[in-house]
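From first to last, the protein sequence lines stand for chains Z and X.
Sequential numbering of the first sequence, starting at 183, is according to this note's numbering.
Sequential numbering of the second sequence, starting at 13, is according to this note's numbering.
No lab work stands behind these hints, which were simulated from the structure alone.
These numbers come from a predicted model, not from an experiment.
Keep in mind that the hints are not guaranteed to be accurate.
Computed cross-link-like contacts, DSS-like style, restricted to lysine-lysine with a CA-CA straight-line distance of at most 25 Å [what the hints assert, rightly or not]:
1) Z:K282 to Z:K265
2) X:K66 to Z:K190
3) X:K15 to X:K172
4) X:K177 to X:K16
5) X:K111 to X:K66
6) X:K66 to X:K15
7) Z:K191 to X:K111
8) X:K172 to X:K111
9) X:K66 to X:K14
10) X:K177 to X:K15
11) Z:K190 to X:K111
12) X:K66 to X:K172
13) X:K15 to Z:K190
14) X:K177 to X:K14
15) X:K18 to X:K177
16) X:K111 to X:K14
17) Z:K191 to X:K66
18) X:K172 to Z:K191
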Amino acid sequence: MNNKKSAKKHSLRNDIILITAVILAAVIGLIYLNFFRSPGDSVTVTVDGEVYGVYPLSRDICEDIYSGSNNENHNRFVIKDGKAFMETATCPDGICVGHKSIFRNGESIVCLPNRVVITVTLGEKTDSPDVII
Amino acid sequence: MKKKSKTVAFGGICVALALIFAYIEVLIPPLFTSLPGIKMGLPNIIIVFLLYRKGPVFAGIVSLVRILLVSMLFGNMMALMYSLAGGVLSLLVMIILRKLSFFSPVGVSVAGGVAHNIGQIIMAALLLETSELGYYLAVLAVTGTVAGVFIGLCGALLIKRIPDKLI
Chain Z
183 MNNKKSAKKH SLRNDIILIT AVILAAVIGL IYLNFFRSPG DSVTVTVDGE VYGVYPLSRD
243 ICEDIYSGSN NENHNRFVIK DGKAFMETAT CPDGICVGHK SIFRNGESIV CLPNRVVITV
303 TLGEKTDSPD VII
Chain X
13 MKKKSKTVAF GGICVALALI FAYIEVLIPP LFTSLPGIKM GLPNIIIVFL LYRKGPVFAG
73 IVSLVRILLV SMLFGNMMAL MYSLAGGVLS LLVMIILRKL SFFSPVGVSV AGGVAHNIGQ
133 IIMAALLLET SELGYYLAVL AVTGTVAGVF IGLCGALLIK RIPDKLI
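Only chain Z is shown next, with the shape it has when bound in the complex (with noise of 0.2 Å):
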């Protein structure tokens, strides 16, 4: 009785051991991610895992993006003062709609629905092509 009690203790402390180290971990990992990096100077957008274009983030733009087997997803992507963010998306969650505007190298925003990922990088000084066919 005594052993199991004395079992028992230490999986409670093992338990706490474990969430305490999880959750460092995470607010470690979310600090890095938020303040440690460098912002970036271009958007790439990708679609389907495929580069759909890069665009710098120096200059406003607005840019539709479609995808789908017959171009039936839509989203719309604004870089405004330097910072990128979906303006409007078809997709039925409207996640990606939501997030805050991305600005950092690494950042990105991700429609799941349409898969479209919008990620911000450094040192790609390529100018976007108007329309990739």
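We have chain Z; now place chain X onto it with these hints.
Chain X in isolation, oriented as in the chain Z frame:
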């Protein structure tokens, strides 16, 4: 023979209960609309309970059947892929930790919840071919831990209170 049919019937009841929990969970409005994947994981109460009282094989079968049915009822192929990635990883982690008996059901459930999130992030990274999901993972780890504690406490209560003759 009688024992076998009893096991099958009990398994069916568990799957049904897990389905109801999954349905209730769909009805709860999401806490943060800007982040997908934050869920209570209510069906996991049953999985944790079964893991301790019926063994890993029974818990695993119920979990897989539940994932298949929930995805067919409320989701689509994409949802199935995500659920499977999360569910299988979570199940494996919980079975291993249960065997090691380092943790109480709460710790096992927390590890299971976080493993579920990690599995889904890995699946998202594979499907979207992007590795920039660290931000999601950090947030999901925190919410997964909170949900895991709640689920673990519920599971621990059931493990202690449900009499043996009922299962």
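Checklist entry - Which numbered conditions among the earlier hints are violated in the structure presented, ordered from lowest to highest? => result Hints 13, 16 not satisfied by this model.
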